[in-house]
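Colleague: Residues per chain, in single letters:
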Amino acid sequence: MPLISFVWVSTLAKRGSGISILSILCSLILSAIVFTRVWNGQPQHFQVHWFSVGSYHLTAGILLNNLSAGMILLVSGVAFIVHLYSIQYMRSDPYLRRYWRYLSLFCFSMMALVVVDNLLVLYMFWELVGFTSYLLIGFWYKRDYAVQAAKKAFIFNRIGDLGFLAGIMILLNQFGTLNITELFGDGGAISNAMIEDGVWISGTHQMPAVWLTLAGGAFFFGAIAKSAQFPLHAWLPDAMAGPTSVSSLIHAATMVAAGIFLIARIYPIFDQNILMLMVITGSITSFMAATIALVQNDLKQILAFSTISQLGFMMLAMGIGAYDAALFHLTTHAFFKCLLFLCAGAVIHQLEYFKQAAKIEFDCQDIRNMGGLKNYMPITFTAMLFASMALAGLPFTSGYLSKDSILLYSFDWASSQTGLMSLVPYLAVLTSLATTFYIARLIFKVFFGSFRQKQRIPVLEPPSIMKVSLMLLVLFCVFPMFSWNPFSVENSWILKGFSADVQVLSQSRLLHILVPLLVTFVSFALIYLASIVYSKRDGDGSVTQVARDSFIYELFYHQWFINKLYNVIFVIPLMYLSRVSSILDNKIVDGLVNGAGRSVLFLGALSTFVDRYIIDGIVNLLGSISKSIGNVTRHFQSGRVQHYMITMILLLLTFFIFKYFS
Amino acid sequence: MIPVTHFMIISAILFCIGLYAAISKRNAIMVLIGIEFMINAAILNFVAFGAYDKEVNGGQIVALFAIVLAAAGVAVALAIILNVYKYYKTIDPDKIHNLRD
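Chains as they are written, first to last, in this note's numbering: chain A, 1 to 662; chain B, 1 to 101.
There's no promise every hint is true.
Using 35 Å as the maximum straight-line C-alpha spacing, the simulated DSBU-like pairs for lysine-lysine come out as follows [to be verified]: (1) B:Lys95 to A:Lys627; (2) A:Lys659 to B:Lys86; (3) A:Lys467 to A:Lys355; (4) A:Lys142 to A:Lys355; (5) A:Lys355 to A:Lys151; (6) B:Lys25 to B:Lys89; (7) A:Lys659 to A:Lys142; (8) A:Lys151 to A:Lys659; (9) B:Lys89 to A:Lys659.
Rather than coming from a laboratory, the hints here were simulated on the basis of the structure.
So here's chain A without its partners, still in its complex pose:
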C-alpha cells in the first residue's frame, strides 16, 4: 500500500499537459488498485504522528473505507476524462501552463480530501479545494465578471468554512481527538457518547446537549456552502465564468460533492434536528434551483442550477437517512453532469470557432442562439442525449436508478412523518419533473429545430480527443455500470457497498412500482410537451409568451431574487456602513490628524522664529563682534618692522608709566 502515497506526490508536481495527464492516469490506475482492494473489504488505516500541542497529539493519516475508496476512484476517473478533454478545449489558451498547474493542484487536494483520516487535515484540504476553485473560476482574470465570480465563490466558501471550523472546535473540546475513526467508527467516541437529562456525556467530559446540535449544525453549514445549498447557493451559477472543463470537473462532479462527502464521512454526529434541517434545505434547494433552471437562457447557467438542484436531492436523501442512496446519486450525478458540461463545452467551443469563421457576433452560451445542431454534431448530440436522459431519470440510465431510489426512500420516510414533512416526497417528485422539463427544453432548443444563425459554413464536430472523452462518460450514464437489472435499485453494487446495514426497500411494494412508473410517464409527457414548444423555428411560441409576462416567470428568471436579496441585506448596508465610516474617517479622524498637523506646523513656525531671530541673532552678534575685533587688529599686522618696533616701545613705555605711578 505504499503506492497510495505516490498518488499525492505525482499529482503535486505537475507542469505541462503531458505530465499532467500521465500523472492523473497514474492516479487513476492506483486508485483503481486501491479500490479493488478496499471495496467491501476491511477498511485500511495508516497514520503518522504529525505534531503535538501540549498533551494533544495530532496524527495525520489515510483512512480508506468503501466511502473514500469509491470517492477517490470517482474523482480520479472524472478528473482523468476532464484532463483528456482539456487538451483540446484549452489548446489555444495562452496561459495553458497555469491552467494545468491549477487543475493538478485541485486534483491533488480533492483526492487528499477524500482519503485523510483527520478532521483538521480534512479542513486543510477543504480550504485548498476552495482556493483552487477560486483560482480556476478566475482563470480568465482579464474578464471582469470572472474575477467577480471568483471573489464571490471564495467569500461564500469562507462563510461555510467558518461553520466547519466551529464544528471542529466543538468536537475537539468534547472528545479531545479529531481522528475520524476514533470519532465516528464503530465503538468510537460518538457512538459511546450519550445524552442524559440534556447533558451530552462522553467519558468523563460533558457539555450541554445543545452543543451536539450546534456541532452538527456547524458542519452542516460548512457542507451547504461547499455544496451550494439554499442560503449559500448563489456562488455556483456565477462560478460558470471559469473554463467549461473546469466547471465540469469542479462545479459539477467533484468539489461540490465535497459537502455531501463531508456529511457522509461524519454522518453519526447529526442528530434529529439537523437531519430535519437537511431535509428542508435539500428540498427547498432542489425545488428552487429546478424552477430557476426552467427559464434560464445561458447554457451553462441551466446546467449550474441543475447541479444545485441535484445536490439538493442528495442533501434531502442524507436528511431522510438514505445515506447510501445519496452517495449513489452522487456517483451517478458526477458522471452525467460532467458529461453534460463537457458536451456544453464542446458546443460552445465549436460555436466560438464558427463565430470566428463566419465573422458574426452572437452570444455562444445563449441557447436562444442555437438550434438544429444535431445535424452538425451528431456525436455530441448523442452524448448529451444520454446524459440528459440520466439527469431526467428515464429508465435504462444510471440516473433512473439513483434518483428513483431517493424518491422511494423519501416516500418511505414520509409515511412515518406528519404535517408538512409528509409533503417532502411530493415536492421531490415535482422537482424531478421540472428537471425533466428543463433538460428537455435545453436539448430541443440546442439540437433540434433549425440553426438560428445565418450560416455560410457548417458547424463542425469537436476534435477526436473530445469525442473520446465524451464517449467514455456515456458509458457511465447507462445502467449496466451500476446495476445489471435496469429497474431494480437494490441490485446496485454501489448501493450495497455504501449502506452499512441493507435497509429493506420493499416496505411498500406497490409504491415501489407505482412511483417510478408514474414519474416516467409524466416525464415522457413533459418531454413531448417540450418538443412541441421548443423545437419550432421560433422557440418562443405563444405558450411561453403568455408565461413570460407572469410574475412567476420573473421570479424564476431572476433566480428568486436571491442575489437581489443578498444585495439588499448585505451589500447595501455594507456600502452604507462604509460610507458612514468614510465620513467618520474624513471628518473626525482626518480632522484630528489635520489638527495635529496644523499644531505641529504652528510649533514649527514658532521655533523657526525663535531660532532665526534669537539664537541666530546671538550667534551673529558674537560673529560680528569678533569680526570687527579682527578688522581692528589686522591693521597691526602691517608687516613693517619699524611699526612693530614702535608698538613694542610704546608698550614698554606704557608698562614703565604704570610701574611708575602704581
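Since chain A is already given, all that's left is putting chain B on it; use the hints.
Modeller: Structure of chain B alone, referenced to chain A:
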C-alpha cells in the same frame, strides 16, 4: 669727578637719537646704526655705574661683553641685510612687508 647725572643725560640723548634713527630711517643700514646707538647708550650706563665698583668691576666687564655681542650682532645683521638686498633688490624696510596679513 664728573657726576653720574651727566653720563645719564648723554646716554639718554644717545638712546633717543638711536631710537629716532631706528624708527624713521628708510635704509636698513641706518636702522642698524640706530640700534648700535641704543646699545652703546646702554653700555655707557654700565660703564658710568661701574665706576662705583672698584673691587669687582662687574659693570666694566659686562660693558666689554656687550660690545663684543653688539659687534657680533652687527655682523649677523649686515649679513641679513645683504641677503635681503639680494632677494628684494632693496633695503628699504617699508618695502619689505611680506609678513603682513
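Colleague: Between the alpha carbons of A:Lys659 and A:Lys142, is the straight-line distance 35 Å or under?
Modeller: Measuring from Cα to Cα gives roughly 104 Å; hence the hint is violated.
Colleague: Between A:Lys467 and A:Lys355, is the straight-line Cα distance small enough, at 35 Å or below?
Modeller: Between A:Lys467 and A:Lys355 the Cα gap is close to 21 Å, so the pair holds against 35 Å.
Colleague: B:Lys25 and B:Lys89: Cα distance at most 35 Å?
Modeller: Distance of about 18 Å is within 35 Å: holds.
Colleague: Between A:Lys659 and B:Lys86, does the CA-CA distance stay at or below 35 Å?
Modeller: At roughly 44 Å apart (the allowed maximum being 35 Å), B:Lys86 and A:Lys659 break the hint.
Colleague: Need the status of pair B:Lys95, A:Lys627: alpha-carbon distance at most 35 Å?
Modeller: holds, 28 Å
Colleague: Keeping to a limit of 35 Å between CA atoms, is the pair of A:Lys355 and A:Lys151 held or broken?
Modeller: Holds, at roughly 30 Å.
Colleague: Check whether the Cα positions of A:Lys151 and A:Lys659 lie no farther apart than 35 Å.
Modeller: Since the Cα atoms of A:Lys151 and A:Lys659 sit roughly 104 Å apart, the hinted pair is violated (cutoff 35 Å).
Colleague: Given the proposed pairing of B:Lys89 with A:Lys659, does the C-alpha separation stay at or below 35 Å?
Modeller: violated, 44 Å
Colleague: Does the alpha-carbon distance linking A:Lys142 and A:Lys355 stay inside the 35 Å limit?
Modeller: Within the cut-off at roughly 21 Å; holds.
Going down the numbered hints, you'll see the structure goes against 2, 7, 8 and 9, while the others check out.
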